[in-house]
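Peer 1: Next come the chains, spelled out residue by residue.
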Amino acid sequence: MKIYHYIILLLALAAPFLLPDYRTQLAFLWVMIILALSWDILGGQMGYNSFGNIIFFGIGMYTCAVFQRDAGLSYYPALLLGMGLGGIVAMLSAVILGNALLGMRGHYFSIGTLGLSIAAGELAGGWDFIGAGSGMTTPMFPGALGDRDIFFYFLFFAWTLVTFITLRWLYRSRFGLAINAIRDNEDKAEAMGIYTTRYKVVAWIISALFLGVIGGGAGNIIGFIDPKEVAFSGSTFGVWMILMAITGGKGTLWGPVIGATVFHITQELFWTLLLGWQRVALGLLIVLIVLFFPEGILGWLRQRYPQRFAANSIKPDQAS
Amino acid sequence: MFDNFMILFDAPVFSIDLLVNGMLIGAIFVLAAYGMALVWGVMNIINVAQGEFVMLGGYVTLVVVKLGLNPLFGIPISALVLYAIGWLMYRSVIYRVVDRDVFTSLLATFGISILLAQLTNQVFGANVQTIDTGLGTWYFMNGDVTVAIIKVIAFVLAVFLGLVLWLFLKKSRTGQAIRATSQNPRAARILGIDTHRIYATTYSVSAALCGAAGSLVVMAWAVHPYIGLPYTVRSFMVVIIAGLGNLPGVIMAGLGLGVAENFAGFILGTEFQIAFVFLLMIAVLVWRNFALRRQRKYLK
Amino acid sequence: MKNNKRKFTTYFYSLLAAFSLLPLSVQASVEGNTITLGAAVSLTGKYSTNGKHTKNGYDLGVKVINEHGGVVVNGKKYKIAIKYYDDESTPARGAQLAERLINQDNIKFLLGPYGSGLTKAMAPVTEKYKVPMVEANGASLSLFNKGYKYLFAILSTTEQYLQPAVALAAEMAKDPKKVRVAGAFENDPFSQDISTGVFADAKKRGMKKIIDDKLPPDLNDMSATLTKVKALKPDLLVVSGHAKGAALAIRQISDMKVNVPMLALTHCDSADIIGKFGKAAEYALCAAQWDRDLSYKDKYFGSAENFAQRFEKTYGYAPPYQAAESAAAVLVYKDAFERAGKLDPTSVRNAIAKTHMQTFYGNIKFDKTGKNIAKPMVLFQVQDGKYKVVAPTRWANAKLRWPTPPWSKR
Chain A
105 MKIYHYIILL LALAAPFLLP DYRTQLAFLW VMIILALSWD ILGGQMGYNS FGNIIFFGIG
165 MYTCAVFQRD AGLSYYPALL LGMGLGGIVA MLSAVILGNA LLGMRGHYFS IGTLGLSIAA
225 GELAGGWDFI GAGSGMTTPM FPGALGDRDI FFYFLFFAWT LVTFITLRWL YRSRFGLAIN
285 AIRDNEDKAE AMGIYTTRYK VVAWIISALF LGVIGGGAGN IIGFIDPKEV AFSGSTFGVW
345 MILMAITGGK GTLWGPVIGA TVFHITQELF WTLLLGWQRV ALGLLIVLIV LFFPEGILGW
405 LRQRYPQRFA ANSIKPDQAS
Chain B
-8 MFDNFMILFD APVFSIDLLV NGMLIGAIFV LAAYGMALVW GVMNIINVAQ GEFVMLGGYV
52 TLVVVKLGLN PLFGIPISAL VLYAIGWLMY RSVIYRVVDR DVFTSLLATF GISILLAQLT
112 NQVFGANVQT IDTGLGTWYF MNGDVTVAII KVIAFVLAVF LGLVLWLFLK KSRTGQAIRA
172 TSQNPRAARI LGIDTHRIYA TTYSVSAALC GAAGSLVVMA WAVHPYIGLP YTVRSFMVVI
232 IAGLGNLPGV IMAGLGLGVA ENFAGFILGT EFQIAFVFLL MIAVLVWRNF ALRRQRKYLK
Chain C
302 MKNNKRKFTT YFYSLLAAFS LLPLSVQASV EGNTITLGAA VSLTGKYSTN GKHTKNGYDL
362 GVKVINEHGG VVVNGKKYKI AIKYYDDEST PARGAQLAER LINQDNIKFL LGPYGSGLTK
422 AMAPVTEKYK VPMVEANGAS LSLFNKGYKY LFAILSTTEQ YLQPAVALAA EMAKDPKKVR
482 VAGAFENDPF SQDISTGVFA DAKKRGMKKI IDDKLPPDLN DMSATLTKVK ALKPDLLVVS
542 GHAKGAALAI RQISDMKVNV PMLALTHCDS ADIIGKFGKA AEYALCAAQW DRDLSYKDKY
602 FGSAENFAQR FEKTYGYAPP YQAAESAAAV LVYKDAFERA GKLDPTSVRN AIAKTHMQTF
662 YGNIKFDKTG KNIAKPMVLF QVQDGKYKVV APTRWANAKL RWPTPPWSKR
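Chains as they are written, first to last, in our numbering: chain A, 105 to 424; chain B, -8 to 291; chain C, 302 to 711.
Treat the hints with caution; some may be incorrect.
[Claimed, not checked] With a straight-line Cα cutoff of 27 Å, these simulated BS3-like cross-link-like pairs (lysine-lysine) come out:
hint	chain 1	residue 1	chain 2	residue 2
1	B	Lys288	A	Lys292
2	C	Lys643	B	Lys57
3	C	Lys669	C	Lys643
4	C	Lys600	C	Lys577
5	C	Lys669	C	Lys534
6	B	Lys57	C	Lys687
7	B	Lys57	C	Lys577
8	C	Lys580	B	Lys57
[Claimed, not checked] Beta-carbon label-pair distances, calculated as ranges:
hint	chain 1	residue 1	chain 2	residue 2	range
9	B	Arg164	A	Arg276	42 to 48 Å
10	C	Ala619	A	Val199	53 to 59 Å
11	A	Tyr179	B	Phe281	44 to 50 Å
12	B	Asp(-6)	A	Val199	32 to 38 Å
13	C	Lys687	A	Phe397	53 to 59 Å
14	A	Gly247	B	Leu235	56 to 62 Å
15	A	Leu117	C	Ala382	25 to 31 Å
16	C	Lys450	A	Phe233	44 to 50 Å
17	A	Leu122	C	Ile674	27 to 33 Å
[Claimed, not checked] Just a few of them, taken from the derived set where beta-carbon distance is under 7 Å, the chain C residues facing chain A:
hint	residue
18	Ala382
19	Lys384
20	Asn521
Derived from the structure by calculation, the hints contain no laboratory data. Using N, Cα and C, we set each Cβ at its ideal position, and we do this for glycine too.
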């Protein structure tokens, strides 16, 4: 571990006590970071731009909520087991969907996954077992008032750490090289003897695991699950995760983290300062980022100050 | 679900009603899909803002009616205004992404789509808006089959515009230039075609087609600021089912989609109508991809 | 590798800088002589039409109270103000904003958002912080079986909306057992609760449910459902889907010439179906929380009609009931503040629970679960281009026109 890792760790541990009024937002920041990081596995590192990763978020959220409702356990075990179960169910769906969808490339993959996430929201909205269009309410936190935010903050922080460290390890391993090879040229990668399909599906499963687990937690911190606006919310979280990864710099480890942080804060500011116009501003922001910062903040810094910010590994080419 | 199925058996006349209404809404998908196919084929951009152009077309017609004109004038006026908006969009945003990778353009047009929808919401409010043309309804078989006349106009117009577009691409100078650019932009440039102008024309024509479609939507159904995405996705679906560069196919696929959707809503219940459309799209994609896989090709 | 430290310091500083950008202006709920209420309403998104009505209602309520000298708590005069956020019609946002109002803006008294879904998302938050929320637009019955103590609704709950319509249908048909009911309800918490209410009521009377369709919120065409209605010929068709559902239903029923003896809707006035569709809207039955012809009174607005005129003068359109109930919610707060004599959330909450008052909007008295039990719903029928009250009989100013003649004779 380097010195800056300690600083960040310290900062993260101290943040809820430094800014007690913002605890829930801070807890949500970890959710955003996980969303961005897990999108980047496919979108950034593997070059498969999925618009449908939100589906695993929603699956995790619903699985956890149903488990909490029906398992008859007390709050903490139900929540933790539910989150775990959410991750498992998300992984299983990734296996099934991955084999069907990951054969497609480019536009087709993007739109296919987009369709998938919309269909998932519609199906959830028609299924009475999970509350259909009326949604589900997650159980109330049993502890004292301030404890809830602290609990979720550290729960999410811990999962973010797990996600980050796992990805860091993966990107440095053979797996990272393989998915980068797929991004750079899938046909050549296959010709070199990489089992591309296997790697692609595994990458999607990993992404699904992180999303599924955090989905269960996010459902609990939001408190109310609506099929289309919260769980399978393609037009909010679903797009934000892409935007955050791109803002920070896709295909890098730190990029999504920086992007999520900047995006989350910007968005909170928009909400406060631009009453009613914040979505207009968001649309404009997307266009501007895409036009002028296609490489993201980290990408831009690397081009500008190569000595200071150049990656330790090989510089990723612009995905195409 | 089974009961609904039996109704169709017991009283087949309702299948005709579903079929006709489905084809009529399919005509709108066809119009929007023409534009999608053009932009995709020529510029290799998937224009996510396609549906928002439809929505804007509706609002332009609303303004036209508020000014006291006959709503039918709204169709050409919407097309013209949207042509201008398309040109503006191209000049300000699209030309910067036209040579970049597909994902960049996808995201940029997505940003435009949010921007347009939210701006419309701020200017016109989120109210559902609709215009009564006063053209009335035809009915047959004791009123069991009804056809609003404006929907028939939409249908005829969709087919007619398809024909005009086909002729335009085949015969006119600009049409030929568009086709040349789509085949090989570099060669086209070498041969003296101003590809940026061609791109701008293509994008604007596509927006204009959507404008006409939107004008019909507000007269035959209703518009509100957030109807864009369903039209975008449906036009995309129509194009992938038909295959790029296949205009008659677009007509068939569009009408077929409208019919399929209506039957699905009837038999499965409306809550699964949209889900059915999207699952159908995924099924088509997976199936086509599977068919290609045997030749070691893939959808790209 | 050597540069990592420096590289990181940059991250670190940019992170710090970003955090310091967060608006740290903390405004307390009570400051000087202003009491600030908080509200997250839908200014954008699919509920923004009604969100706007809600906001206008709140604003007018505040304005009129301040004109009448504000609130007097323990001998001290206060003005009322409202801090707004836009929840974008999404529950996730609503929950976050409630938290934000309470935590960051330090607001101790909340007004409700528009819609049951949003209220469902915000209620657990206010409950958690023990901050009262008086809401005027979350009618879903399921809000009131969760044991919330800080949630108060001044409107009638969903199961009451179309009860009078079902009762009328039963009354008109000689044998209620032969009445066949069809429903098309938007797939959101509010409309689905309406659906539950209508069908439970219909079942009690022995009516038969023949269609129960859920309309997706972004559906733009309900011709599939209407074809089914044509095929099965129900005696009562119920459609609920906020303003959009009402507009779409009237439009397509007249386009497709669907004949039903009785059509019942919600949200007619906020969709302005008479203004938009004229003759096509005739005979439709509409559930409403309030009407300007009712004879309720209070000392701020005067009668219901006075409120309506005042509203029209201020905002340039006739007030739908969503605006009226929102304005009344502010009156409830004023009354509670004065009776509590203190401005801490718990005392105010207890005072609200004991509310017993008449406003221009109706009588307000909460039961244990926090819903208003002192005010009935009214049922309009569109007759000759006007909304006429046809039920309950106490308020009725017109007779029900039934059955609706077929389109060929209209």
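Peer 1: Hints the structure violates: just list their numbers, smallest first.
Peer 2: The structure conflicts with hints 2, 4, 5, 9, 15, 16, 17, 18, 19 and 20, although it agrees with all the remaining ones.
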